[in-house]
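Enquirer: As a plain string of letters, each chain reads:
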Amino acid sequence: MSKRTPLYQKHLDSGGKMVDFAGWDMPINYGSQVAEHKQVREHAGVFDVSHMTVVDIHGGDSLAFLRRLVTNDVAKLDVPGRALYTGMLNEQGGVVDDLIVYRLGTHYRLVVNCATRAKDLAWLHKVASGFALTITERPELAILAVHGPEAIDRVAGLLPTAWAEPVRSMGNFRCGEFGDWFIARTGYTGEKGLELIVPAADAAGLWDRLLAAGVAPIGLGARDTLRLEAGMNLYGHDMDETVSPLAANMEQTISWLPEDRDFVGRAAVTAHKQLQLAGQLPVLVGLVLESRGVLREGQRVVTDRGEGIITSGTFSPTLGCSIAMARVPAHSSRCDVELRGGLTPVRIVKPNFVRFGKKVFE
Amino acid sequence: MSKQVKYTKSHEWVSVDESGMATVGISDYAQGALGDVVFVELPAIGAIAKATGEIAVVESVKAASDIYSPVSGEVIEVNAALQGAPDLINSSPLGEGWLYRLKLSNPAELDGLLDETAYAAICA
Chain A
1 MSKRTPLYQK HLDSGGKMVD FAGWDMPINY GSQVAEHKQV REHAGVFDVS
51 HMTVVDIHGG DSLAFLRRLV TNDVAKLDVP GRALYTGMLN EQGGVVDDLI
101 VYRLGTHYRL VVNCATRAKD LAWLHKVASG FALTITERPE LAILAVHGPE
151 AIDRVAGLLP TAWAEPVRSM GNFRCGEFGD WFIARTGYTG EKGLELIVPA
201 ADAAGLWDRL LAAGVAPIGL GARDTLRLEA GMNLYGHDMD ETVSPLAANM
251 EQTISWLPED RDFVGRAAVT AHKQLQLAGQ LPVLVGLVLE SRGVLREGQR
301 VVTDRGEGII TSGTFSPTLG CSIAMARVPA HSSRCDVELR GGLTPVRIVK
351 PNFVRFGKKV FE
Chain B
1001 MSKQVKYTKS HEWVSVDESG MATVGISDYA QGALGDVVFV ELPAIGAIAK
1051 ATGEIAVVES VKAASDIYSP VSGEVIEVNA ALQGAPDLIN SSPLGEGWLY
1101 RLKLSNPAEL DGLLDETAYA AICA
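Chains as they are written, first to last, in our numbering: chain A, 1 to 362; chain B, 1001 to 1124.
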């Protein structure tokens, strides 16, 4: 039997087309994925992402543990109310998962992927061995992500006056606790917005008030096209345990300094760095197909440096053409993709296509 | 449009008028399963369609799907509006979202297709 979020009935009420997503019954769309995508780029939409896994870390060794667990340096979160995006690696330097770490008043909070929940929890417990801390999954919480140029205004308009101003003025990758609600300026769309982690009992009421305020429900289909336009990786597609973060456009999530911080996978990824400098590590690039057709995950590409593969591909509703991420040999400058009609030229660009509603590559 | 619409198991429909002109499209069930259509590849005018043969491609946000002609004949018109507005297939699969028209070469093929009730049963 599939798992259901506290918003399951709300999805049905909005005409959600439900599909299985890693064991959860989730809405793929509520009619039109393209219309939902545009709604987020132009106005505001709400996603139910309660299937994602929230884990709280309490205890005196929490910071030391997190500095060991993830590639980014959690010591950068110098005060409560800050967040960072990072990966966690295995000893071979492959990506176990990507996640966001939040610093709250009394503890840290991780949000990891749903499809990797069981292995992530096992990994956290393994790495935590010897540290004085507790790891607590929070399945009783719901997560609503509200994104789009109007999103913050719409959410703030529903909040008590004392919460509204701090939420309106919250910077990117900042967060705060408001009663038993947790609100963060993080997301997966390339638009401004908020993620609200609330008790399950509050989720349906919040959902109804958002819809009444003109925020439209958005399915997982549009979530995928939005994140791909924003050049954001999807775990299990653009990277996994066999892929170095350096071959997955995640270098900026690695804090190399201080040199004596021994995060898991450091030795391996340091070796990957040498390969990268020698031009021997593949690279995750963006592809744009300016002719007709749609790039799809798994399609083979051929560059002037060798072969590669598309890791995520879609039709970009904002650009009106197909875009993709592909792992290709370093220093590739020309690229063809194997489409139905034979080899078709595609442009290589930085894997970041759309931000704040606008095209960002040349 | 004629009331006599017939369907294939692969989710195309065909409707034939008095002069033996057939119009072909994909069913409402098919457009719903595909999701938003973003590109359509239509046959050339004058192409010879063969029943159950590949004749067009409908590409959605989700997948590229081959379209199989329900009946044989010569293609005499394609829906040019789909080039600029492929989403007509989603909004009006049995109307403005039609794909192509052909002149039937073997009207008896129609007898082998599903009527509305039989088609509805395979989509259930």
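A couple of the hints might just be wrong.
To be verified - Listed below are several chain A residues computed to face chain B (Cβ distance under 7 Å; list not exhaustive):
1) 32
2) 33
3) 34
4) 38
5) 173
No wet-lab data here; the hints were simulated from the structure. What you are looking at is a predicted structure, and each value in this text was computed from that prediction instead of being measured. Think of the CB as a built atom: it goes at the ideal place given N, C-alpha and C, for glycine as much as any other residue.
Enquirer: Okay, which hints does this one fail, numbers in order?
Expert: 4 and 5
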